[in-house]
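Trainee: Protein chains in written order, with the working numbering: chain Z, 339 to 690; chain X, 168 to 343; chain C, 3 to 306.
Note that these hints are calculated values from the structure, not bench results.
Among the hints, a few may not be true.
[Unchecked claim] Taking lysine to any residue and the SDA-like style, the derived pairs with C-alpha atoms no more than 20 Å apart in a straight line are:
#	chain 1	residue 1	chain 2	residue 2
1	Z	Lys680	C	Val170
2	Z	Lys681	C	Glu244
3	Z	Lys678	C	Gly173
4	Z	Lys678	C	Val170
5	Z	Lys660	C	Glu262
6	Z	Lys681	C	Ser172
7	Z	Lys530	C	Ser147
8	Z	Lys530	C	Gln151
9	Z	Lys530	X	Gly262
10	Z	Lys678	C	Thr269
11	Z	Lys678	C	Arg174
12	Z	Lys681	C	Val170
13	Z	Lys530	C	Ala46
14	Z	Lys530	X	Glu217
15	C	Lys208	X	Arg199
16	C	Lys208	X	Glu295
17	Z	Lys660	C	Ser89
18	Z	Lys660	C	Met52
19	Z	Lys681	C	Tyr166
[Unchecked claim] So these bits of chain X aren't anywhere near chain Z, every CB distance computed over 10 Å:
#	residue
20	Ala179
21	Asp200
22	Gly235
23	Pro253
24	Gln255
25	Asp264
26	Val277
27	Gly289
28	Val296
29	Ser301
30	Met319
[Said to hold, decoys possible] Pairwise CB distance ranges, derived in the manner of DEER restraints:
#	chain 1	residue 1	chain 2	residue 2	range
31	Z	Arg675	X	Val339	41 to 47 Å
32	X	Lys243	Z	Ala425	52 to 58 Å
33	X	Arg216	Z	Glu406	33 to 39 Å
Cβ atoms here follow ideal geometry from the backbone N, Cα and C, with glycine treated the same way.
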Amino acid sequence: MAYVATRGGERAIEQSQRLFREEMGTITAERVAEIRRALPYLIDRVMGEASLYDEDLAALALAQTGGELYEAVLLLRSWRTTQPRLAVAAPVTQEGLFTHRRISAAFKDIPGGQVLGPTLDYAHRILATEVLSDQAYTPDPVEPAAQPSPARQPSVAAWQAENDLLSAAPADPTAGNDIPDITREPLLFPSKRAHTLQSLARAETGGVLALGYAAQRGYGQAHPTVNELRLAEGEVMVQHPRGTTFSAGRVKISQAEVVNKKGTQLELGFAATLGWNEVKVIAAATLDLNSEGAAKGSATEEEFFLYHTEGVESSGFCIHFKLPHYVTFQSSLDAMRDAKTKKNARQAEPAE
Amino acid sequence: MGAYPIPSEFEARTNATYEALMWALSRPGLPRDLPSAGQAGIIETLIDRECAVYCEDADMAELAARSGAVLAAPEKADHLFLSQPPAQLTGLRQGSDMYPEEGATLVMPVSLGSGGTLRLSGPGVNGEVTLSLSGIPQGFWAERTRVMRYPMGFEVFLLDGATVIGIPRTTVVEVL
Amino acid sequence: MSLKSLTKDWEPMSYGFLDASAKCEIRRKTLKAIAVPGCQIPYASREVPMARGWGTGGLQISCTLINPRTTVKVIDQGADDSVNAASIRRFLSRVSGAPTTTDTLKADLIQSRHRIPEEKLREDQVLVLQVPNPEPLRPVQPNMSIARQMHADADYGRMWLQLYEQIVRSGRVMQGASYPSLVHGRFVMTPSPIPRWDVPKMHMAKHLTILSAGREKRLHAVPPYTRVEPLVFDDVPYQVEEHGQLTCTRSGAKGYFMNEIPQNDGTSTYEVSDSELGIKTIQKADGDTVELGDTWYQDGEMTQ
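Generate coordinates for the entire structure from the input sequences, incorporating the hints supplied.
Mentor: Here's what the structure looks like:
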């Protein structure tokens, strides 16, 4: 038996990491800055799933992991663990958002107007292959509208509630420290409303999409209409211990309202996340819309979708199957062989 | 990352306090040494803004509040730092069958080594263990047995200076 | 009050990685786990610099307990040299400066995946077991909310039924590792995926066992001198793996849990799973001075 086997394991680990990192080479501040500048939507996705809003750290995580998204999110989440919490920001309301894009599929026009904002929705998806032959691609400049659209607008659901089409959720007076926090308490069921929304906000985009899509295709009870989709910036207002309130900066936010007709009222599903990620919030709002009364064990049941869209947990568990399992396997083999021996012995007995 | 990190004084103190509390509760009736006398060390080891705490001593209440904990009435508190044994036990938090861990933790002063004798048995006790202490009124232990229905219940830490003894809800306490 | 009074001096990393509030929570939850043996206690479970499913639950317990005088041993599948054990050991030492050992007898804190060492643990030792799935009821009830209610009601009927059906179908209980066990006569727990061989070591043991599932955010504990009884029927006794008569081809150790090594000729040889026990056995045979502790099994039979 190798006395120095322990060191052998450690050497193998070290070299395996070197092999991985060799491909990315030296990481410089310039590289991180370029990732941040060139890939804002990827940065947003990573920040949302990490529930940590810092574009530089997100870009660094992407640089350090070579774009392995699950690794990048884990890197940010575990860094987050080490950070003290200094304050709880004031709630950001829909009507207070600095809105860049706001559309509704429910109405042709809405109070405040349909604001298309930045999107590729109507773009023809054609690769700019000329770039590869050294012809830089420079997008045409934006021509500002004669009349800028209002920066702050009410939600469509608020209008519907005024017109008795939808019963607005009762205002939740919980504030500050008292708001349940999924990063400091375990998720238990029935889930607290804050925990549900927080879990969806930091859920893995692909996972939310898969389950949300299943619900949209017909495995859910409710068919979503996008009442409002909004890309915006929110002001992070915190209170200084001296009592003054100040802005700690702005964060990009996406949010979606989806509705479904239920009797004479509309029912509402809602989701929001840090960063701009439209697919995620529409899919998540669909899950929220479908969760009430969903059958235990169905994909639209809260416990099912909240557990299974947690990207750090699901990806970690998935890759853990690479770890050796030979002790448990041995234990199962032993039971199998013994059962087989017993079975053979029974068959060998003469019939009575 | 170069040299190994060195624990701050706070870290070293709370680490050692927790170790004593953990072993005290794991081995009911066996005294453990805390790094410092009194309740303050236990508060800084266990209490933060997630807790609802009842403190009888004003200094302790201030310490608990500084950690961000909410100061609460005894029946709402998850941790009670008492200057004397509670007058009654029926109102204390005992958790539920679903969440027995929501039962309270009581920390209270006693004098160890003299006074009435108790015999303990249950998980963590190798057979049985006896200890002598004073400062707990007659009937406390019988009342404890009467009000708790396992797995619901509460834990008691008995504190004499820098010595702590743990009595989890699983411990059977007989007054000899 | 100023902002500064609410914060602490900047550190690139807290001692033991976890910050003070994470440790506070784990301390509180572990105390309750000790107070209600075998009951799964939910906790927030912070992300740590390892992937979920790779020992993050055990790691959070170890990071909370560790100090510069804690001697740490880490094993995976019984072996100190397994890559993930080496990785966790290196991390623990890196964030705490704690000394490490491979010798079970010298360790204060043992973090393990899937095994309990063969040498008996003492009253001053803590065993931290990594747990992938803390819920023994999952095979009969995957929904955690319903399973929690079943624990609250001590409703273990379906668990028994499952074991009974296995006996009817296969002539024996087919559970391999993770054998469901009743703790202090009240809660059915999973002992984590340790082989059946290791479960009796938990019964009335001298050491403290803390089991922690980071991904599933649950921890439970078995205090010293606590009853841990595998679920069995009176007339179908508990059966550990038939390893009592096997001999390790490398060390000559006999009567312990073994790893089966398939051979080219279709047969198998065996190596002792507790790698340190194998090393000690070889050292002893070589005439080195080495302290071999008392083992739970002697001549392939459980003592106690």
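Trainee: Each hint: holds or not?
Mentor: Right, here's what the structure says about each hint:
1. Lys680/Z with Val170/C: Holds, because 12 Å separates the two Cα atoms, which is no more than 20 Å.
2. Lys681/Z with Glu244/C: With Cα atoms ~17 Å apart, Lys681/Z and Glu244/C stay inside 20 Å; holds.
3. Lys678/Z with Gly173/C: Holds, at about 9 Å.
4. Lys678/Z with Val170/C: Given that 20 Å is the threshold and the Cα spacing comes to 14 Å, the pair holds.
5. Lys660/Z with Glu262/C: Given that 20 Å is the threshold and the Cα spacing comes to 19 Å, the pair holds.
6. Lys681/Z with Ser172/C: With Cα atoms ~7 Å apart, Lys681/Z and Ser172/C stay inside 20 Å; holds.
7. Lys530/Z with Ser147/C: Roughly 14 Å separates the two Cα atoms, so the pair holds.
8. Lys530/Z with Gln151/C: At roughly 18 Å apart (the allowed maximum being 20 Å), Gln151/C and Lys530/Z satisfy the hint.
9. Lys530/Z with Gly262/X: Distance of about 19 Å is within 20 Å: holds.
10. Lys678/Z with Thr269/C: Judged against 20 Å, a Cα distance of about 18 Å means the pair holds.
11. Lys678/Z with Arg174/C: holds, 10 Å
12. Lys681/Z with Val170/C: Judged against 20 Å, a Cα distance of about 11 Å means the pair holds.
13. Lys530/Z with Ala46/C: holds, 14 Å
14. Lys530/Z with Glu217/X: holds, 16 Å
15. Lys208/C with Arg199/X: holds, 17 Å
16. Lys208/C with Glu295/X: holds, 14 Å
17. Lys660/Z with Ser89/C: Roughly 15 Å separates the two Cα atoms, so the pair holds.
18. Lys660/Z with Met52/C: Cα-Cα ~14 Å, so holds.
19. Lys681/Z with Tyr166/C: Satisfied, since the Cα-Cα distance of roughly 17 Å is no more than 20 Å.
20. Ala179: holds, 19 Å
21. Asp200: At roughly 30 Å from the nearest Cβ of chain Z, Asp200/X sits farther out than 10 Å, so the non-interface label holds.
22. Gly235: Per Cβ check, Gly235/X is inside 10 Å of chain Z; nearest 7 Å; violated.
23. Pro253: holds, 27 Å
24. Gln255: holds, 29 Å
25. Asp264: Holds, since 15 Å exceeds 10 Å.
26. Val277: Answer for Val277/X: holds, closest chain Z Cβ roughly 34 Å.
27. Gly289: holds, 28 Å
28. Val296: Check passes; 35 Å lies beyond 10 Å.
29. Ser301: Given that every Cβ of chain Z is farther than 10 Å from that of Ser301/X, nearest at about 40 Å, it holds.
30. Met319: Holds, because the least Cβ-Cβ distance between Met319/X and chain Z comes to about 17 Å, which exceeds 10 Å.
31. Arg675/Z with Val339/X: 41 to 47 Å: holds, 44 Å
32. Lys243/X with Ala425/Z: 52 to 58 Å: violated, 25 Å
33. Arg216/X with Glu406/Z: 33 to 39 Å: holds, 35 Å
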